[in-house]
Amino acid sequence: MMNKLIFGRYIPGDSLIHRLDPRVKLIASFYFIAIIFLANNWQSYLLAAVFTFCCILLSKIDFGFFARGVRPLLWLILFTVALQILFTTGGTVYWSWWIFNITEYGLQNGVFIFCRFVLIIFMSTLLTLTTQPLELSDAIEYILRPLKAVRFPVHEISLMLSIALRFVPTLMDETEKIMNAQRARGVDFGEGGLLQKMKAIVPLLIPLFVSSFNRAEDLATAMEARGYQGGEGRTKYRVLHWHQRDSLVVVVYACFTIALVFLRG
Amino acid sequence: MKPIIELQEITVRYNEEELAALNKVSFSINQGEWVALIGHNGSGKSTLAKTINGLILPQEGSVTVGDMPLDEANIWQIRKMVGMVFQNPDNQFVGSTVEDDVAFGLENQGIPREEMLIRVKDALEQVRMSEFSTREPARLSGGQKQRVAIAGVVALRPDIIILDEATSMLDPEGREEVISTIKKIKEQNNLTVLSITHDIDEAANANRVLVMREGELVREGTPAEIFSAGPELIGLGLDLPFPEKLKAALAQRGIDVPKEYLTEEGMVDWLWTSVLNK
Numbered sequence: 001m002m003n004k005l006i007f008g009r010y011i012p013g014d015s016l017i018h019r020l021d022p023r024v025k026l027i028a029s030f031y032f033i034a035i036i037f038l039a040n041n042w043q044s045y046l047l048a049a050v051f052t053f054c055c056i057l058l059s060k061i062d063f064g065f066f067a068r069g070v071r072p073l074l075w076l077i078l079f080t081v082a083l084q085i086l087f088t089t090g091g092t093v094y095w096s097w098w099i100f101n102i103t104e105y106g107l108q109n110g111v112f113i114f115c116r117f118v119l120i121i122f123m124s125t126l127l128t129l130t131t132q133p134l135e136l137s138d139a140i141e142y143i144l145r146p147l148k149a150v151r152f153p154v155h156e157i158s159l160m161l162s163i164a165l166r167f168v169p170t171l172m173d174e175t176e177k178i179m180n181a182q183r184a185r186g187v188d189f190g191e192g193g194l195l196q197k198m199k200a201i202v203p204l205l206i207p208l209f210v211s212s213f214n215r216a217e218d219l220a221t222a223m224e225a226r227g228y229q230g231g232e233g234r235t236k237y238r239v240l241h242w243h244q245r246d247s248l249v250v251v252v253y254a255c256f257t258i259a260l261v262f263l264r265g
Numbered sequence: 001m002k003p004i005i006e007l008q009e010i011t012v013r014y015n016e017e018e019l020a021a022l023n024k025v026s027f028s029i030n031q032g033e034w035v036a037l038i039g040h041n042g043s044g045k046s047t048l049a050k051t052i053n054g055l056i057l058p059q060e061g062s063v064t065v066g067d068m069p070l071d072e073a074n075i076w077q078i079r080k081m082v083g084m085v086f087q088n089p090d091n092q093f094v095g096s097t098v099e100d101d102v103a104f105g106l107e108n109q110g111i112p113r114e115e116m117l118i119r120v121k122d123a124l125e126q127v128r129m130s131e132f133s134t135r136e137p138a139r140l141s142g143g144q145k146q147r148v149a150i151a152g153v154v155a156l157r158p159d160i161i162i163l164d165e166a167t168s169m170l171d172p173e174g175r176e177e178v179i180s181t182i183k184k185i186k187e188q189n190n191l192t193v194l195s196i197t198h199d200i201d202e203a204a205n206a207n208r209v210l211v212m213r214e215g216e217l218v219r220e221g222t223p224a225e226i227f228s229a230g231p232e233l234i235g236l237g238l239d240l241p242f243p244e245k246l247k248a249a250l251a252q253r254g255i256d257v258p259k260e261y262l263t264e265e266g267m268v269d270w271l272w273t274s275v276l277n278k
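Those protein sequence lines, which keep their order, are chains W and G.
Each residue of the first sequence is one higher than the one before, starting from 1 at the first, in full-length UniProt numbering.
Each residue of the second sequence is one higher than the one before, starting from 1 at the first, in full-length UniProt numbering.
Keep in mind the hints are simulated off the structure, nothing from the lab.
Where is the CB? At the ideal position from N, CA and C, for every residue including glycine.
Wrong hints could be hidden among the right ones.
[Claimed, not checked] Covered, in the sense of this in silico footprint (three residues per stretch, anywhere, with C-beta under 8 Å from a C-beta of chain G), are these stretches of chain W:
(1) 223–229
(2) 232–242
[Said to hold, decoys possible] A few chain W positions that, by computed beta-carbon distances, are all more than 12 Å from chain G:
(3) I11
(4) I33
(5) N41
(6) V70
(7) L73
(8) F112
(9) I143
(10) A149
(11) C255
(12) F256
Excised from the complex, chain W in its bound form (with noise of 0.2 Å):
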């Protein structure tokens, strides 16, 4: 179950991409997804896919795991795909029944947004790919520290953030131990109607529950006893560094956008 996930799963390696700042991917990706709107014709489309397959040459990681990322929402964007290529109009009409018609600019639409969905997640894919869980958390910490002004508890977060991702591991074994405890006594997990199924769900969330608020005791109390007392006076053993491969994706990203501003219909 846990394996076909792979969205946020760390692949490690040495590349360009690998040793960016998470800083900048994190920044980078989201910046990616806002500019991919201003596309609009198919030159500018094409330009983006050449530009994301171009960085996930770059980043050496076997294609096959971004075709695996699209896999669980292709249904999602099927239909979206659908919804778009049936209730646009406009322009040469192919087909048409009812309220549904295929047009000339319907079919653009659908491979449009089909292209749109396919290279946000490549390129989301693409950062959890090349960034440890880790680099991540401490990349939002400092991208949050301005809002330090405001009494936003950007500390506090970012604690909460990398305890909850040094956990997941460790909850998710712990699941698997209670799911082959709860078998080994005859509870049958995703068998029967819905109704049986979320039935059959409680002898597992509890018991989970249960043991994640001892765990939660048990580290506040070993943290409280190695001198942990909040935010204030703490020093920060990891630290980022900006290279200059980090400023050369700042200039790609801004001849990306001017060009792609310059392609736009």
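Mind docking chain G on chain W? Use the hints.
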């Protein structure tokens, strides 16, 4: 010798109506000593450990650590002196990787980064976990995680290490590993160790053994003194060390065994000499 930890008439009650978890417990530990605290489940051992660094504040009595009375004012100063390693290796791992976890305590103390890098490296070397420094906890064994927890404590350079059943969730191999690591670090840094344990062999290594029952300190002495009580220990809900078990089994078969406590080596010596003398 000057006591580094002193407890006087400590009483802790979790719930007003309930039996006290600790009832007028007094003892002191000297600088450089290795003291083992044993007792059955619910005898108040863990509560006692937590009162020493103020994780639990006693209702009555006073705790003094290194000349400082434990109170609100110097609680953090005392926590700097006392390092604790807890039972569950997973639940005390704060950092996302080994080195982050070791650095956590240092970050809390506001130690500059250059100093941190040195201390983390040094601490990981002491517990022989250097090559794992960038690993995530999910990819470590229980014993390795406990060694990282010890490194986290060592990096803080405390005067006292409290092991709160630190080996109870480990297999014999991991247990051996952790105990030998602690032993080495204790010798190198002249630390005081208070180890709370169910493991009778671990207790046999200590300079002094304290036995608890129902929140009270019932016995105190060297391992030899405590373990020569033999079957009485079982009455306290404790196990016997292996040489004692062997002695009991021999006595049952009508063999005259020495009364006093013998370590495994002592037992071997006695066995071969007695066979030769026949």
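Structure-based check of each hint:
1. 223–229: holds (count 7)
2. 232–242: It holds, with 7 qualifying residues against the three required.
3. I11: 14 Å, holds
4. I33: 26 Å, holds
5. N41: 44 Å, holds
6. V70: 27 Å, holds
7. L73: 27 Å, holds
8. F112: 40 Å, holds
9. I143: The assertion about I143 of chain W holds, with a minimum of 18 Å to chain G.
10. A149: Fine: 22 Å to the nearest Cβ keeps A149 of chain W off the interface.
11. C255: Consistent with the label, C255 of chain W stays out of reach of chain G, its closest Cβ about 35 Å off (over 12 Å).
12. F256: With a cut-off of 12 Å, F256 of chain W remains clear of chain G, as the shortest Cβ separation is near 33 Å.
Hint compliance for this structure: every hint is met.
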